Amino acid sequence: MPMRSTNPADFQHVPHAVAVMARRYPSMSRTGQHSHVRAQLLFAISGLMIARTSRGTWVIPPGHALMIAGGVTHDIAMHGDVEMRTAYLVPDDSVRTVAEQCRVILVSPLLDAALQALADEPVLYDPAGRGPHLAALIMSEIARAPATPFALPLPDDVRLRKLCEALVNDPAIDFDIDTW
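Numbered per the numbering used here, the sequence shown spans residues 426 to 605.
If you are wondering where the hints come from, they were derived from the structure by calculation, not from laboratory data.
It is possible that part of the hints are untrue.
Straight-line alpha carbon distances no greater than 25 Å define the calculated SDA-like cross-link-like pairs of lysine to any residue that follow [claimed, not checked]:
1. LYS587 with PRO571
2. LYS587 with ILE475
3. LYS587 with PRO516
4. LYS587 with ASN432
5. LYS587 with ALA568
6. LYS587 with ARG477
7. LYS587 with SER430
8. LYS587 with ALA442
9. LYS587 with HIS459
So the derived label-pair ranges between C-beta atoms look like this [to be verified]:
10. ALA553 with ASP435: 47 to 57 Å
11. ILE598 with ASP551: 50 to 60 Å
12. LEU588 with THR431: 35 to 45 Å
13. SER452 with ASP551: 29 to 39 Å
14. THR456 with PRO557: 48 to 58 Å
Quick caveat, the model's predicted, so the values are computed rather than measured.
We put the beta carbon where it would ideally sit given N, CA and C, even for glycine.
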């Protein structure tokens with residue numbers, strides 16, 4: 426079986442609503458600031474990911490996924506060896522609201538299985554085969570997935586944002602309120 430690409434660019438312009446990529450990252454690695462044309466469902470199978478955008482920070486533990494809207498610049502930090510699947514989506518009406526903002530969702534066993542099954546299909550899967558059925562199932566499961574409280578939104582005020590980012594970067598800072 427030929428090796429599937431692990432380059433996100435190869436999944437952005439496929440003629441399907443859902444394209445799934447599997448990837449591994451070593452502990453303490455980062456993706457660096459980047460964005461994608463499509464919305465992204467970033468699913469943690471193992472390890473812990475922390476995603477940052479200009480609007481907040483999200484923790485993605487195993488069994489959960491982060492929805493990231495298309496065009497949103499983000500950076501992902503890996504804590505522990507990370508195995509992940511990412512689905513690049515052209516949102517339909519059922520997931521448009523979920524895909525327009527960043528949020529962590531609980532991944533059902535059915536969504537997990539459908540992501541794995543579509544990751545095993547060719548990137549350019551047969552439109553008359555099982556690929557479109559798996560894609561529809563993935564979209565349906567995303568639309569019904571419950572959101573989880575793994576987010577730390579950041580304020581718009583520049584001064585307050587600077588303070589919040591300092592605390593996120595080093596929660597053990599030994600400053601009292603007067604020092605801040």
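Hint-by-hint comparison with the structure:
no.: 1; hint: LYS587 with PRO571; in the structure: violated, 31 Å
no.: 2; hint: LYS587 with ILE475; in the structure: holds, 19 Å
no.: 3; hint: LYS587 with PRO516; in the structure: violated, 33 Å
no.: 4; hint: LYS587 with ASN432; in the structure: violated, 33 Å
no.: 5; hint: LYS587 with ALA568; in the structure: violated, 34 Å
no.: 6; hint: LYS587 with ARG477; in the structure: holds, 14 Å
no.: 7; hint: LYS587 with SER430; in the structure: violated, 38 Å
no.: 8; hint: LYS587 with ALA442; in the structure: violated, 38 Å
no.: 9; hint: LYS587 with HIS459; in the structure: holds, 22 Å
no.: 10; hint: ALA553 with ASP435: 47 to 57 Å; in the structure: violated, 22 Å
no.: 11; hint: ILE598 with ASP551: 50 to 60 Å; in the structure: holds, 55 Å
no.: 12; hint: LEU588 with THR431: 35 to 45 Å; in the structure: holds, 38 Å
no.: 13; hint: SER452 with ASP551: 29 to 39 Å; in the structure: holds, 37 Å
no.: 14; hint: THR456 with PRO557: 48 to 58 Å; in the structure: violated, 29 Å
Hints 1, 3, 4, 5, 7, 8, 10, 14, counting from the list given before, are not met by this structure.
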